[in-house]
Amino acid sequence: MTTTAPPPTTSTAPAHRAHVSDRVRAEKRLGWMLAGPAFAVMLLVTAYPIAQAVWDSLFSYRLTDPGNRTFVGLNNYWVVLTDALWWQSFGVTALITIITVSVELVLGFALALVMLKALNWLRPVLRAVILLPYAIITVVSAFAWQFAFDLTSGFVNSWFDWIPGISADTDWFGGTGTSLLVICLAEIWKTTPFISLLLLAGLAQVPDVLQEAAQVDGATWWQRMWKVTIPNMKAAIMVALLFRTLDAFRVFDSVFVMTAGANGTETVSFLAYRQTIARLEIGLGSAVSVLLFLSVVLIAFGFIKVFKVDLSQARGEK
Amino acid sequence: MSTRERTLWIVAGIAIILYALFPIGWIVSLSFKAPADISNGQFLPTVFTWENYSLILTGDASELFLPALLNSFGICLIATALACLLSMFAAYAIARLDFPGKRLILSTALGVAIFPVISIVTPLFNLWRQIGLYDTWPGLIIPYLSLTLPISIWTMSAFFREIPWEMEQAAQVDGATTWQAFRKVIVPLAAPGVFTTAIIAFFLAWNDFVYGISLTSTGAARPVPAALGLFSGASQFEDPTGAIAAAAVIVTIPVIILVLIFQRRIVAGLTNGAVKG
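Those protein sequence lines, which keep their order, are chains A and B.
Just so we're aligned, residue 1 is where the first sequence starts under my numbering, counting upward by one.
Just so we're aligned, residue 1001 is where the second sequence starts under my numbering, counting upward by one.
Excised from the complex, chain B in its bound form (with noise of 0.2 Å):
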């Protein structure tokens, strides 16, 4: 590669790094903005302030804000494991075994995965009003697994795929008890594929919007991107502006933290799961 060549491509990286670091930076910015300064007109806030973070963390929206990100986080976890729980087993059987329904379990899984949520969302309303489990936990618990289960079904299938399984034998033949083979050799092998898959998962459980705000009524099980959305309009005597950035911002500190950490088993993860094999 030509130096001139190099420059091109370093340019083209750093243009990348702007696109998708300029939004961010941009609620961040807002998140430090006084209220007077919000309609200054200018990205960054002339004078740096804690206001809108003491806002929701322990002041009048904290009622608001504390409660829903409890929920997020609780909601989001249960619904993950469960979905990792059970995909595990079926990740296994199609990774491993011969049967008739494969397919047709990895279809089902696509189907469910391109299925319009509002439409799952119109009967849930009014059945979850009838049984009682409108604005509860388990009331979001369960819709979410339409989000989390095809994705860790997929996911995990391919990840097992890769799995040399042939080394438990090996490990057996070399005198280790099917237990020992099991957890010496095939869970470090397949603990990263699940990791991976639940990080997945979780990311789509967080970024739930539409069963948040359709299933919940208040602070006992809403979310906070239902919170978010619905605190826009809710106060009207006040520019909620800083406080929604704020609130923003912190729900996206484990998302960046999960990615910094991860990326490169999140990008396997989704590509995997998508186009390799």
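Bound-form chain A, shown alone (with noise of 0.2 Å):
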């Protein structure tokens, strides 16, 4: 009578399976209920604007002429890409995002130092005022700017005519130099606080330890910083690099309210909106907003696979 142990477990083990299996297919149901909308959102305010770009791109099509819509194909790409005002917008943006974004690390990480080192008293203070940039409505923050520089209501030019080529007559906004290097400014002094609080969380994960050991081996400060700080917060650097350089690469309204594109300081994003809400071209303006998405993805996407950026760190998933 040895067989009739065998069955039982022959039987409970599938019984056993398929309940495992029908939670687990509850627990899918359930997550996807619960997280589905907030999905189908995501991807309604988003991929479809996007198709719906990509197929506009594809015609010659301007809204004071609608009867006029024909398919023209990637002409529209073709316009775009040998048009010198492309690339011009590209190169000015490129010039903004490198100049801004290699500034701002450097001025971020310092600050994020001394809000590390900072007394416990002043901390809160420090953490309060650094987020009022972060926190204040970009136009304002240009406008704030643009004024200190304007001619007429500005002070800088008061304040700082004991420098070499600036008097109470420098216009900053009357040349393609000086109005980048004032759009520039704005956009370090707005965005910087980002990068520093995202560096100091960095540097608050590195082990102390870590620096003790290196001090009782003699290491100066500067040597414990190259080779215990920055290798151990690299996740947190590159986060706050591949966040803003993507948010850099997008400025647009700082450029709009100081210059609104004269002077050669137009951007790819402004040329975008120029063509389709100003000059209403809505196959041309669709072409550039397409172009301005891939060299987004580009950057994002280089930024994964070259610095090997871990997302999922960023994600908190250990």
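Because the hints were derived from the structure by calculation, they are not lab data.
In this text, all values refer to a predicted model and were calculated from it rather than measured experimentally.
Treat the hints with care, as some may be off.
Capping the alpha-carbon separation at 30 Å, the derived lysine-lysine pairs in DSS-like fashion look like this [unchecked claim]:
1. A:K227 / B:K1184
2. B:K1184 / A:K305
3. A:K234 / B:K1184
Restraint-style ranges between C-beta atoms, simulated for each label pair [unchecked claim]:
4. A:T178 / B:S1039: 18 to 24 Å
5. B:L1057 / A:A219: 34 to 40 Å
6. B:I1253 / A:G67: 29 to 35 Å
7. A:S167 / B:G1025: 20 to 26 Å
8. A:A40 / B:W1179: 27 to 33 Å
9. B:F1043 / A:V106: 52 to 58 Å
Beta carbons: idealized from backbone N, C-alpha and C, even for Gly.
Dock the two chains into a complex; use the hints.
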């Protein structure tokens, strides 16, 4: 009678498995029921418009002349990519991105160090004031900087007229270089706090033990910074860089307020805006929008592949 | 820390305070300058005046500013509330349940967050005109979700992950009903995360400029940043500098209040979502 024993085990095992997979299925269904609406809305407000933009970009289409909507294939892209205006605005955008992000990284690191070392009573004060530029409306910050450098309302010219090249009638918004300088200053002021808070979080994660060990071994402050601190917070640095680079590449508000794209300060976002909203050239504007989107995707992809930015770490999935 | 080192860090701290407050102080100072005083080439006004504030709150420019202020508050609050509601469910699922697609949802949120707004606005501009959403509140609330929803999902799931959910069972073992356990234990633990997320999402919506100038044409839905940006070019007959400065100060006040009260939470929310686990 040894055959009586096996049947129960063989019959309970599948039942147990079926029970588990039921639970898994129920959990999966509940998960999608809860997260599904948010997911669907995200797709609706981005994937749908970008698909529409790709479609629109294949037509020659002006809103002022809707009857003349004709399919032109990739011609709009050809027109944009062979136009000096596109390359000019692409260059300006890249320049603003590189200057602001690199200055912000260094300045943000310095701010993070000061916040880390700040005395207990000073730390909350610093944390509050550093949040102000981050939280302020970009347009407001752009106006503040514009008015400061402006010929009539500004104080910069009269404060700094002892510097060679600056006098009471220095017109900062009269040339490309000086306009871009002020735009970059405003951007740097506004977004450095974000980088510095991310870096501060990274700094706080570097184990003190490592620092102390290096100090005992006779490493200088500078050596400890380069050999211990920075390698240990590489992930935080990369995430901060990635977010800010993508953000900087979309620069629009400050340019709109300060120069409205005059004097060769037009950025890619501004070019897309001007084609679509101001000139009502839906076809051409869509092509510029799609190209901007592709640039952003390429930058993100480059960061993730080349610099090996680990976004699962950014997400807290260790 | 030696006294010398201590002084050095305090000086550095004061430099940070100056860095952050100087441009804000400048726009406040500018808002108190009379028209004749604006070109005095100095940081401070020679005479303080409320003229600019009365111009935008009760004077000629109030027809432009007050509706815009109402639009900004209404649209941003609704967009924030909707995003928080949707992401509360999503974040709960991401933090507590194990289901395939979790990574997909979080990656999508990241993708949407880095999306260039201008690429969305081009097709919406055309579509909204056709279906009658152009220059309406819903016409801005819907695209604002692309700003508020990804950060909400991201930040809230990071917060929810840190909640000790087993306390719910502990309460039930101690005799609480499911509903009591949820209301008395989980809600108080989750509320700060939801609240912080709402503040950060509100900042993003409040800051919007591109949607505001592209998808509106009148005071019916135009928010303050857009009204400010276009105001500068609109009135040629009068120097708008003082009025813009006063309006800029007024829209900055809510932001400053939120930052001062909730700074610790905002910092936790920003960095939780992005770096820490």
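Violations among the numbered hints, reported as their numbers in ascending order: As far as the earlier hints go, 1, 2, 3, 5, 6, 9 are violated by this structure, in ascending order.
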